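S.K.: In case you want the letters, here they are:
6 protein chains.
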Amino acid sequence: MEFRIIKAPSQGAIDILMRRKGSARTETPPCMEAVGLVQGRMIEMVVAADIAEKAVGVTVEDIRGSCPQNMILLAIFGDTASVESALRDIKNKAEEGMDIC
Amino acid sequence: MEFRIIKAPSQGAIDILMRRKGSARTETPPCMEAVGLVQGRMIEMVVAADIAEKAVGVTVEDIRGSCPQNMILLAIFGDTASVESALRDIKNKAEEGMDIC
Amino acid sequence: MEFRIIKAPSQGAIDILMRRKGSARTETPPCMEAVGLVQGRMIEMVVAADIAEKAVGVTVEDIRGSCPQNMILLAIFGDTASVESALRDIKNKAEEGMDIC
Amino acid sequence: MEFRIIKAPSQGAIDILMRRKGSARTETPPCMEAVGLVQGRMIEMVVAADIAEKAVGVTVEDIRGSCPQNMILLAIFGDTASVESALRDIKNKAEEGMDIC
Amino acid sequence: MEFRIIKAPSQGAIDILMRRKGSARTETPPCMEAVGLVQGRMIEMVVAADIAEKAVGVTVEDIRGSCPQNMILLAIFGDTASVESALRDIKNKAEEGMDIC
Amino acid sequence: MEFRIIKAPSQGAIDILMRRKGSARTETPPCMEAVGLVQGRMIEMVVAADIAEKAVGVTVEDIRGSCPQNMILLAIFGDTASVESALRDIKNKAEEGMDIC
Numbered sequence: 001m002e003f004r005i006i007k008a009p010s011q012g013a014i015d016i017l018m019r020r021k022g023s024a025r026t027e028t029p030p031c032m033e034a035v036g037l038v039q040g041r042m043i044e045m046v047v048a049a050d051i052a053e054k055a056v057g058v059t060v061e062d063i064r065g066s067c068p069q070n071m072i073l074l075a076i077f078g079d080t081a082s083v084e085s086a087l088r089d090i091k092n093k094a095e096e097g098m099d100i101c
Numbered sequence: 001m002e003f004r005i006i007k008a009p010s011q012g013a014i015d016i017l018m019r020r021k022g023s024a025r026t027e028t029p030p031c032m033e034a035v036g037l038v039q040g041r042m043i044e045m046v047v048a049a050d051i052a053e054k055a056v057g058v059t060v061e062d063i064r065g066s067c068p069q070n071m072i073l074l075a076i077f078g079d080t081a082s083v084e085s086a087l088r089d090i091k092n093k094a095e096e097g098m099d100i101c
Numbered sequence: 001m002e003f004r005i006i007k008a009p010s011q012g013a014i015d016i017l018m019r020r021k022g023s024a025r026t027e028t029p030p031c032m033e034a035v036g037l038v039q040g041r042m043i044e045m046v047v048a049a050d051i052a053e054k055a056v057g058v059t060v061e062d063i064r065g066s067c068p069q070n071m072i073l074l075a076i077f078g079d080t081a082s083v084e085s086a087l088r089d090i091k092n093k094a095e096e097g098m099d100i101c
Numbered sequence: 001m002e003f004r005i006i007k008a009p010s011q012g013a014i015d016i017l018m019r020r021k022g023s024a025r026t027e028t029p030p031c032m033e034a035v036g037l038v039q040g041r042m043i044e045m046v047v048a049a050d051i052a053e054k055a056v057g058v059t060v061e062d063i064r065g066s067c068p069q070n071m072i073l074l075a076i077f078g079d080t081a082s083v084e085s086a087l088r089d090i091k092n093k094a095e096e097g098m099d100i101c
Numbered sequence: 001m002e003f004r005i006i007k008a009p010s011q012g013a014i015d016i017l018m019r020r021k022g023s024a025r026t027e028t029p030p031c032m033e034a035v036g037l038v039q040g041r042m043i044e045m046v047v048a049a050d051i052a053e054k055a056v057g058v059t060v061e062d063i064r065g066s067c068p069q070n071m072i073l074l075a076i077f078g079d080t081a082s083v084e085s086a087l088r089d090i091k092n093k094a095e096e097g098m099d100i101c
Numbered sequence: 001m002e003f004r005i006i007k008a009p010s011q012g013a014i015d016i017l018m019r020r021k022g023s024a025r026t027e028t029p030p031c032m033e034a035v036g037l038v039q040g041r042m043i044e045m046v047v048a049a050d051i052a053e054k055a056v057g058v059t060v061e062d063i064r065g066s067c068p069q070n071m072i073l074l075a076i077f078g079d080t081a082s083v084e085s086a087l088r089d090i091k092n093k094a095e096e097g098m099d100i101c
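These protein sequence lines are chains R, W, C, S, E and D, in that order.
If you read the first sequence in the UniProt record's numbering, its first letter stands for residue 1, the second for the next number, and so on.
If you read the second sequence in the UniProt record's numbering, its first letter stands for residue 1, the second for the next number, and so on.
If you read the third sequence in the UniProt record's numbering, its first letter stands for residue 1, the second for the next number, and so on.
If you read the fourth sequence in the UniProt record's numbering, its first letter stands for residue 1, the second for the next number, and so on.
If you read the fifth sequence in the UniProt record's numbering, its first letter stands for residue 1, the second for the next number, and so on.
If you read the sixth sequence in the UniProt record's numbering, its first letter stands for residue 1, the second for the next number, and so on.
Bear in mind the hints are in silico, worked out from the structure with no lab data behind them.
None of these values were measured; they are calculated from a predicted model.
Warning: the hint list may mix true and false statements.
Unchecked claim - Partial selection, computed: residues in chain S whose CB lies under 8 angstroms from chain C:
| id | residue |
| --- | --- |
| 1 | Ile6 |
| 2 | Pro9 |
| 3 | Ile72 |
Said to hold, decoys possible - With a Cα cut of at most 30 angstroms, we get these calculated BS3-like pairs of lysine-lysine:
| id | chain 1 | residue 1 | chain 2 | residue 2 |
| --- | --- | --- | --- | --- |
| 4 | E | Lys91 | R | Lys21 |
| 5 | E | Lys91 | R | Lys7 |
| 6 | E | Lys54 | R | Lys91 |
| 7 | D | Lys21 | E | Lys7 |
| 8 | C | Lys91 | S | Lys21 |
| 9 | C | Lys54 | S | Lys91 |
| 10 | C | Lys93 | S | Lys7 |
| 11 | S | Lys54 | D | Lys91 |
| 12 | W | Lys7 | R | Lys54 |
| 13 | E | Lys7 | D | Lys93 |
| 14 | R | Lys7 | E | Lys93 |
| 15 | W | Lys93 | R | Lys93 |
| 16 | D | Lys54 | E | Lys21 |
| 17 | E | Lys93 | R | Lys93 |
| 18 | C | Lys21 | S | Lys7 |
| 19 | S | Lys7 | C | Lys54 |
| 20 | S | Lys54 | D | Lys93 |
| 21 | S | Lys54 | D | Lys21 |
| 22 | R | Lys93 | W | Lys91 |
| 23 | S | Lys93 | D | Lys91 |
| 24 | R | Lys91 | W | Lys21 |
| 25 | R | Lys93 | W | Lys7 |
| 26 | W | Lys91 | C | Lys7 |
| 27 | E | Lys7 | R | Lys21 |
| 28 | R | Lys21 | E | Lys21 |
| 29 | D | Lys7 | S | Lys21 |
| 30 | E | Lys91 | D | Lys54 |
| 31 | C | Lys7 | W | Lys21 |
| 32 | W | Lys91 | R | Lys91 |
| 33 | S | Lys91 | D | Lys7 |
| 34 | D | Lys91 | S | Lys91 |
| 35 | D | Lys91 | E | Lys7 |
| 36 | E | Lys93 | R | Lys91 |
| 37 | C | Lys91 | W | Lys93 |
| 38 | C | Lys54 | C | Lys91 |
| 39 | R | Lys91 | E | Lys91 |
| 40 | W | Lys93 | R | Lys21 |
All C-beta atoms, glycine included, are put in the ideal place defined by N, C-alpha and C.
Could you build all of it, start to finish, from the sequences and the hints given here?
M.R.: Here is the structure:
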């Protein structure tokens, strides 16, 4: 998995993400002070999306990859502290989630 | 093959899976206490789907990959114990199934 | 090339294969006691399909991969002994077919 | 580049090739005693198609790969001796064609 | 990430880029003295687009890759000095942006 | 990057290229004594197209890869000497163009 954070994202970068989002949601995320990006294989991204959804103060969007059904990028919008905290959660829990099988 | 388990999945993670499922089934799985994820090449996933279908207490969905015809992810819904048991079955039998040829 | 055999395949596993078959044939294979799976690159699969078609007691279907034109999986239906024999044929003859060029 | 030859191809194997051919030609090749298969990257296949077109006694078809525009397989129909000779031509001239640049 | 710069680009090269741009913008970039190209995985390209958008004197276009949703190339138009400066910014900041997580 | 040259190309090889060209141009190139082929990643091909467009006596076409937006092959038509000279230009300048960043 790979992680990036963009602080005060430009309109151009937000447009690139919004043109590719998977959900049908039409309202823009309430806070776009920062955007966290997570990229990985599909199985990792489903788990990461679940962890991010359970974090507070962030909005999660799956960004479509080379075909509509293939999610390879997750965008997490919110204030900087919340986005950083959600990314840290994904990083820590993704490894721990593997010991069940 | 890779394995993950999500306990008490968030609505967002379930939505991501349901937007991409291969079957035409419209009812949601009866129990979604946990969801097991299995990812692999197509030949492995057909075998894994067969093993999961023969396990008790779980509902199996193939999740479409980069194009509709290419299945790369299997989602197994049920109570936590049943999902863990189905994942363990796949892990053990997938290896043993190769000695025939 | 990779090989798998499923004995007494579940309806779910058969559905996954039938949703992706390349031929326009509408009747189901006469015997589905077992299904053999062969996966490889396209050039290998054309040769494997030819060998399987020449074997007795089995029905061959090419399963579409990531796009309709891309065959990456072959499903061979029949009684267990015939399927095992067809898979063994493919394994042996595929190697021997290379010494012509 | 990879090479295979099928002698007396089964109807099933011919069907798989014909369902995926790139040209709009509707007549079947005049002789289908044997079929030669060549697989490679697109740049190699254009050169191989040119060499095969210049050989005698064979019909050349480009078989579409994972998407219609990406040709990865060449099928060469004819009597066994002509097909073997065309495959040998491709093998020899493909290497020699590289010393120009 | 990979970088290239084309000075005084030919109409043919500009056409190739314009046929594939992601945005719906119809006006051509005000200055096309030079074009900078950046290629990478999607997560890197979103960050690079953000850095380029914040640079002065350049116009940024994301160029679509193998499928419409998968951006793999960024084209940055402007005078030579501005394009070189934007490329240098991307190179320096892309590495530094990783230490947050 | 990979290079090939076909002298006196057969109609079959020209058809394969013309079925996949990116431009909307309808007239055939004025001289098809030889065709040069260049294959590489998209960023390299944009630079190569620019170099070829600036060479004299040749016509440049970008050939579409696995999807309409993905150019992976460049075809350069002209008399043999001009095509060879254009290919040599691409080979030399493509390396030198990297020292700017």
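S.K.: Next, verify each hint and record whether it holds.
M.R.: Right, here's what the structure says about each hint:
1. Ile6: Holds. Min distance 5 angstroms.
2. Pro9: holds, 6 angstroms
3. Ile72: Because about 7 angstroms separates S/Ile72 from the closest Cβ in chain C, which is inside the 8 angstroms limit, the hint holds.
4. E/Lys91 / R/Lys21: This hinted pair holds, its Cα atoms lying about 27 angstroms apart.
5. E/Lys91 / R/Lys7: Roughly 17 angstroms between the alpha carbons, so the hint for E/Lys91 and R/Lys7 holds.
6. E/Lys54 / R/Lys91: holds, 29 angstroms
7. D/Lys21 / E/Lys7: Since the Cα atoms of D/Lys21 and E/Lys7 sit roughly 25 angstroms apart, the hinted pair holds (cutoff 30 angstroms).
8. C/Lys91 / S/Lys21: holds, 27 angstroms
9. C/Lys54 / S/Lys91: Holds. C/Lys54 to S/Lys91 sits at ~29 angstroms (cutoff 30 angstroms).
10. C/Lys93 / S/Lys7: Distance ~12 angstroms between C/Lys93 and S/Lys7 Cα, so the pair holds.
11. S/Lys54 / D/Lys91: Holds, because 29 angstroms separates the two Cα atoms, which is no more than 30 angstroms.
12. W/Lys7 / R/Lys54: holds, 12 angstroms
13. E/Lys7 / D/Lys93: holds, 12 angstroms
14. R/Lys7 / E/Lys93: Holds, because 12 angstroms separates the two Cα atoms, which is no more than 30 angstroms.
15. W/Lys93 / R/Lys93: Distance of about 28 angstroms is within 30 angstroms: holds.
16. D/Lys54 / E/Lys21: holds, 23 angstroms
17. E/Lys93 / R/Lys93: Distance ~28 angstroms between E/Lys93 and R/Lys93 Cα, so the pair holds.
18. C/Lys21 / S/Lys7: Holds, because 25 angstroms separates the two Cα atoms, which is no more than 30 angstroms.
19. S/Lys7 / C/Lys54: At roughly 12 angstroms apart (the allowed maximum being 30 angstroms), C/Lys54 and S/Lys7 satisfy the hint.
20. S/Lys54 / D/Lys93: violated, 34 angstroms
21. S/Lys54 / D/Lys21: Cα-Cα ~23 angstroms, so holds.
22. R/Lys93 / W/Lys91: With a Cα-Cα distance of about 22 angstroms, the restraint between R/Lys93 and W/Lys91 holds, given a limit of 30 angstroms.
23. S/Lys93 / D/Lys91: Cα-Cα ~22 angstroms, so holds.
24. R/Lys91 / W/Lys21: holds, 27 angstroms
25. R/Lys93 / W/Lys7: Distance of about 12 angstroms is within 30 angstroms: holds.
26. W/Lys91 / C/Lys7: holds, 17 angstroms
27. E/Lys7 / R/Lys21: violated, 35 angstroms
28. R/Lys21 / E/Lys21: The hint holds at about 18 angstroms.
29. D/Lys7 / S/Lys21: Given pair D/Lys7, S/Lys21 holds - Cα atoms ~25 angstroms apart, limit 30 angstroms.
30. E/Lys91 / D/Lys54: Holds. E/Lys91 to D/Lys54 sits at ~29 angstroms (cutoff 30 angstroms).
31. C/Lys7 / W/Lys21: holds, 25 angstroms
32. W/Lys91 / R/Lys91: Holds. W/Lys91 to R/Lys91 sits at ~25 angstroms (cutoff 30 angstroms).
33. S/Lys91 / D/Lys7: holds, 17 angstroms
34. D/Lys91 / S/Lys91: holds, 25 angstroms
35. D/Lys91 / E/Lys7: This hinted pair holds, its Cα atoms lying about 17 angstroms apart.
36. E/Lys93 / R/Lys91: holds, 22 angstroms
37. C/Lys91 / W/Lys93: Distance of about 22 angstroms is within 30 angstroms: holds.
38. C/Lys54 / C/Lys91: Holds, at roughly 14 angstroms.
39. R/Lys91 / E/Lys91: Answer holds: R/Lys91 to E/Lys91 is near 25 angstroms, not above 30 angstroms.
40. W/Lys93 / R/Lys21: Violated - the C-alpha atoms of R/Lys21 and W/Lys93 are around 38 angstroms apart, more than 30 angstroms.
Checked against the numbered hints above, the structure violates hints 20, 27 and 40; every other hint is satisfied.
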